[in-house]
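J.: Residue-level listing of the chains:
2 protein chains.
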Amino acid sequence: MKLRARLVITGCLLLAMASAAFPQTQTSPSASPAETKALLARLGYPPDAKLLIVHADDLGMAHSINRASIKGLESGLVSSASIMIPCSWLPEIAAYARSHPEADLGLHLTLTSEWALNRWGPVLPKDRVPSLVDSSGYLYPTETEASAHIDPKEAEAEIRAQIARAKALGIQPTHLDSHMGTLYQSRALFETLFRVAHDNQLLVRVSKEWFAAAPFLPSLLGPDDVVMNTIISIGPSVTAAGWSKFYEDAIKNMQPGITEMIVHLAYDDEEMRGVSFNHPDWGSEWRQRDFQFVTSDAFRKLLQEQNIKLVTWREVSKLMKKAGK
Amino acid sequence: MKLRARLVITGCLLLAMASAAFPQTQTSPSASPAETKALLARLGYPPDAKLLIVHADDLGMAHSINRASIKGLESGLVSSASIMIPCSWLPEIAAYARSHPEADLGLHLTLTSEWALNRWGPVLPKDRVPSLVDSSGYLYPTETEASAHIDPKEAEAEIRAQIARAKALGIQPTHLDSHMGTLYQSRALFETLFRVAHDNQLLVRVSKEWFAAAPFLPSLLGPDDVVMNTIISIGPSVTAAGWSKFYEDAIKNMQPGITEMIVHLAYDDEEMRGVSFNHPDWGSEWRQRDFQFVTSDAFRKLLQEQNIKLVTWREVSKLMKKAGK
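One line per chain: the protein sequences are G and Z, in this order. For the first sequence, the positions run 1 to 325 when the numbering used here is used. For the second sequence, the positions run 1 to 325 when the numbering used here is used.
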């Protein structure tokens, strides 16, 4: 099986995708500095506050990912993470969630199964969500194949089932996001995601940067939804030598408001090399580099120097609910 | 979750289990020396031939198991192995099966999910086989819990689905056996296993040693079924220091006929330590010891000295079919 590039949620790919999928408008509704100040005020922060969620994706997919992500969370430099419910190492991270109720763990809603040698299917019976699975019986390998086939009603049933399964295992999710951005691939899928999130009173990863390509997005937001200024997410164009500099530059460029930095933590070990076989992008060495950067003293110092406050989805959700009362 | 002892298919546990489950008879129908000679003659071997299937269990469960088992198969000292269809590393071993059609790969029919941190469910939708899953939605952790709850009709549907799934992924199974011996736990489950095996023209792991505890077994055998003299399978009472001696003694004691030696191969690496967390029996160090023994020069020499011929399930099946014509 040929592996594929994975969606970077940085605007450019979303833009390319959205250009075809959505009718474009001339004016893109993005949050103004005044709106950012109002958001920070609602959260109880001064107008120049720079808040950062350092977020590890993909927990539950591999033991290597679980180990490195737990280490990241416990270093204090990773503030949040999200879990893939259909994967085989879910029991390990569910046990961690039960024994660490303070950990900020959301759900990485999963509608794709992207690796060659280790795969998974939906939580719901395949015959109830046939549009979600490929001919081999697993979830589609790419977000584009998935979104081309998915019936949004089946996606909705599946993500509701993933939330129910998480809760049944004792996970109380603090937020939602979408593995490989599959739920960000069309208006219908975005609507599905927000409907499910609002029904569950959960915040969703969403960035101002996406509004230009998906101009309907603001209309889907509820009064308590929180929009990131920027999502910092490293892509395949960054070389190993330029890894730290990419993150350092991005952090130095942070503006007042809330930013999310998405990292993929794992060790470059046999298991992770097996998972990411033949696919260096988001592979084992990539994840080891992410792990080394986010658990480094240099990262800790940089956050202090730039006067950046790490926050969690749980804190942001609580403050929004409190402010909304 | 507390882990549990795993069934050793050596007669004593089967006997203990069977004593409760089956009506006992005074005479246990076991194969006579004459029957062994007749079997060897049908297979085209002299009457004193000692044939051995060295068989690795549990492929598909972990990358560590796949890697070590493939290395074992390719050393020439492991002649056969079987695959767990519900597990997440199935695509890796299915790819190997497709690219190595000569490999003797059967199905390790799976009705239990025994580890704490990494688990799996049935191939069929859970709502079609509700008696197979525990309250957490996975297969039961032990063969005793599983067999206490399983409706044999649902077990039959599930193992037929596992065979169909294997074939859909390009695996042409050479034989069947039962993970943790769950399908050896009652007469109804044995009947299910043989019915499915006969319908698929596949041989099943079965040993003469089991006849005393399960006196109905011979009546379930078809004319082409092949019964092992003995199954060599190391148990938790053997210390690490006594590992090689256990196997050496068992091999030196082999009698004419066919013997199966069941091994569990993996590396003592982070992934396997995670899988077998808190469970040294059949754990990562155990599997590393098995790997070291079966790929050793000492094992190769021993087989030569004892004039033991390694055979595969495929060879035995073909010879039986040919003889039956």
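Simulated from the structure, these hints should not be mistaken for lab results. The beta-carbon is built from N, C-alpha and C at its ideal position, and this holds for glycine as well. Don't take each hint at face value.
[Stated by the list, open to error] Computed footprint of chain Z on chain G; a stretch qualifies when at least three of its residues, placed anywhere within it, have a C-beta under 8 Å from a C-beta of chain Z:
1) 42-55
2) 89-101
3) 264-275
[As the list claims (entries may be wrong)] Straight line, CA to CA, 25 Å or less: simulated DSS-like cross-link-like pairs of lysine-lysine:
4) K126/G / K37/Z
5) K245/Z / K37/Z
6) K309/Z / K71/Z
7) K322/G / K71/G
8) K309/Z / K153/G
9) K37/G / K309/G
10) K167/G / K252/Z
11) K321/G / K252/G
12) K153/Z / K126/G
13) K126/G / K71/G
14) K126/G / K126/Z
15) K252/Z / K167/Z
16) K245/Z / K318/Z
17) K153/G / K318/G
18) K71/G / K321/G
J.: Please go over all the hints and tell whether each is borne out by the structure.
T.: Right, here's what the structure says about each hint:
Residue count for the region 42-55 of chain G with a Cβ under 8 Å from a Cβ of chain Z: 0. That is fewer than the three needed, and the coverage hint is violated. With 5 residues bearing a CB less than 8 Å from a CB of chain Z, the region 89-101 of chain G meets the requirement of three and the coverage assertion stands. Counting residues of the region 264-275 of chain G whose beta carbon lies closer than 8 Å to any beta carbon of chain Z gives 6, which reaches the threshold of three, so the coverage claim holds. For the proposed pair K126/G and K37/Z, the alpha carbon gap of about 50 Å is over 25 Å, so the pair is violated.
Proximity of K245/Z to K37/Z is assessed by CA-CA distance (about 29 Å); at most 25 Å being required, the pair is judged violated. For the given pair, K309/Z sits about 20 Å from K71/Z by alpha-carbon distance, which is consistent with the 25 Å threshold. Restraint check for K322/G and K71/G: not satisfied, since their Cα atoms lie roughly 31 Å apart, outside the 25 Å limit. About 58 Å separates the Cα atoms of K309/Z and K153/G, which puts this hinted pair outside 25 Å; it is violated.
Of the pairs offered as hints, the one joining K37/G and K309/G holds, with about 16 Å between alpha carbons and a cut-off of 25 Å not exceeded. Between K167/G and K252/Z the CA atoms are separated by roughly 55 Å; this puts the pair beyond 25 Å, and the hint is violated. About 30 Å separates the Cα atoms of K321/G and K252/G, which puts this hinted pair outside 25 Å; it is violated. Taking the CA atoms of K153/Z and K126/G, the gap is about 21 Å. The hint holds against a cut of 25 Å.
A threshold of 25 Å between alpha carbons decides the hint, and for K126/G with K71/G the separation of about 35 Å lies outside it, so the pair is violated. Taking the CA atoms of K126/G and K126/Z, the gap is about 10 Å. The hint holds against a cut of 25 Å. Taking the CA atoms of K252/Z and K167/Z, the gap is near 38 Å; set against the 25 Å cutoff, the hint is violated. Distance check on the hinted pair: K245/Z and K318/Z sit about 34 Å apart at the alpha-carbon level, beyond 25 Å; violated.
Restraint check: the Cα-Cα separation between K153/G and K318/G comes to about 30 Å, which exceeds 25 Å; the hinted pair is violated. At roughly 30 Å between alpha-carbon atoms, K71/G and K321/G are farther apart than 25 Å, so this suggested pair is violated.
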